[in-house]
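Student: As they're listed, the protein sequences go chains A and B. For the first sequence, position 61 (counting from the first letter as 1) is numbered 61 according to my numbering, and the numbering increases by one without interruption. For the second sequence, position 212 (counting from the first letter as 1) is numbered 212 according to my numbering, and the numbering increases by one without interruption.
The hints are simulated quantities; they were obtained by calculation from the structure and are not laboratory data. Hints are supplied without guarantee of correctness; some may be wrong.
Derived Cβ-Cβ restraints for the label pairs, each shown as a range [to be verified]:
| id | chain 1 | residue 1 | chain 2 | residue 2 | range |
| --- | --- | --- | --- | --- | --- |
| 1 | B | G134 | A | G65 | 46 to 52 Å |
| 2 | A | I72 | B | D5 | 24 to 30 Å |
| 3 | B | E33 | A | P116 | 27 to 33 Å |
We treat Cβ as the ideally placed atom computed from N, Cα and C, and that holds for glycine.
One letter stands for each residue in the lines below.
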Amino acid sequence: MTTTSPDDEIRAALDDLLPRLRRFARVITRNVADADDLVQVAVEKALARAAQWRPGSRLDSWMFGIMKNAWIDEIRARRRRERVHAPEEAGANVGDASAAARDIALSVQAAVARLPEEQRMAIALVLVEGLSYKDAAETLGIPIGTLTSRLARGRTALQALLGDDGGSS
Amino acid sequence: MKFSDEMLMAYADGELDLVTRAEIESAMAADPELARAVERHRALAARLRAGYDGVLAEPVPERLAALVARPAAVPVADLAAKRAERPGARGRARLPQWAALAASVIVGVVVGVLLTRSPRPPYEDAGGALVARGALDAALSDQLAATSGESGVAIGITFRDRDGRFCRTFYMHRNAPVAGLACRGTQRWAIEVLAAAPPLQGELRPATAMPLPVLHVVDARMAGEPLDAAAEAAARNAGWRNPRSMAE
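Here chain A stands alone, though its shape is the one from the complex (with noise of 0.2 Å):
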């Protein structure tokens, strides 16, 4: 075939998107091996769905929310093992980045993964992928009044973790 098939398409813009899924999935799973597991079953899911998805409507929101229902999932499923990952995994790899760069990334990533499972997608989706409160809402399923309320405690509780200023730790 010669014509670019919404599969195309779909696999195009996922191409484009990786990188996001996988800083969404650091932020919610709190570590990388998880992180990337729940990108590998979130774009097999997508993609063998594709045709619900509309080639021009927001593909990294419709990815977001696929990427939580995995999650939850998963969690529900560890939980029922009795293996839900500890939190002081947080923040195992952080890159190559410089060490004061380093430094931030840790406190800030050790923070996020204290927070409730619930505050911290709220926290993903709008600080750290910079939706709307709108499309944050909808892709949690949510009214825009819950998501503002999780979001509003969770930064209370980023803001006592990492020192009040919000600067420098």
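Following the hints, put chain B in place on chain A, whose structure we already have.
Tutor: Quick look at chain B alone, frame taken from chain A:
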């Protein structure tokens, strides 16, 4: 005017309408504490982004890039994950294996080619529908998944489709192995999908060798869970009758 912290947060995030924004800005001009609160929200947001931006610069792992790049590498993650987390279903152990294996399957042969390539195909045209005959018909009707038998046909999973019909996946060992899904009509097994399958290797079970097009159709048709061994045997012993049409 008093503003809640949530409202200041929304202001810092650029989520407020023009009017409210203007109100907050004039309040901030008069109240340094308010301005500091907004600044804290902004600083925290910047810090969070900085904390994770390093991930964007990391090289994407090969396995993820490959997943997006290769059209043939799409396991039916839905199905696999869904079944895998439920205890008890016979599909539990198998479907994830399928999914994993499907990643290495290259599919490309269509029914017409299969029909012409094989001298005596175990299926035939019956008024526009493809139905099983010979060894395939016998295996679908009599064979249980646990017993691979000498028929050259292996049965994968058995399930009910949305119309209540019994459907079974099968794999045929031949020079050009094929796999597919057949659903029981009133008298015969209609072939719903047929695709070239990878040759069996070593200890792999036939059920793991389902090609992607078959998995897709299975995923679309299956209502509920695959039958367990007891239900499969019971359905066979009852002649694969669709309970819904029996009620007529």
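Student: It remains to establish, for every hint, whether it holds in the given structure.
Tutor: Hint by hint, here is what the structure shows:
1. B/G134 / A/G65: 46 to 52 Å: holds (48 Å)
2. A/I72 / B/D5: 24 to 30 Å: Check passed, 28 Å falls within 24 to 30 Å.
3. B/E33 / A/P116: 27 to 33 Å: holds (29 Å)
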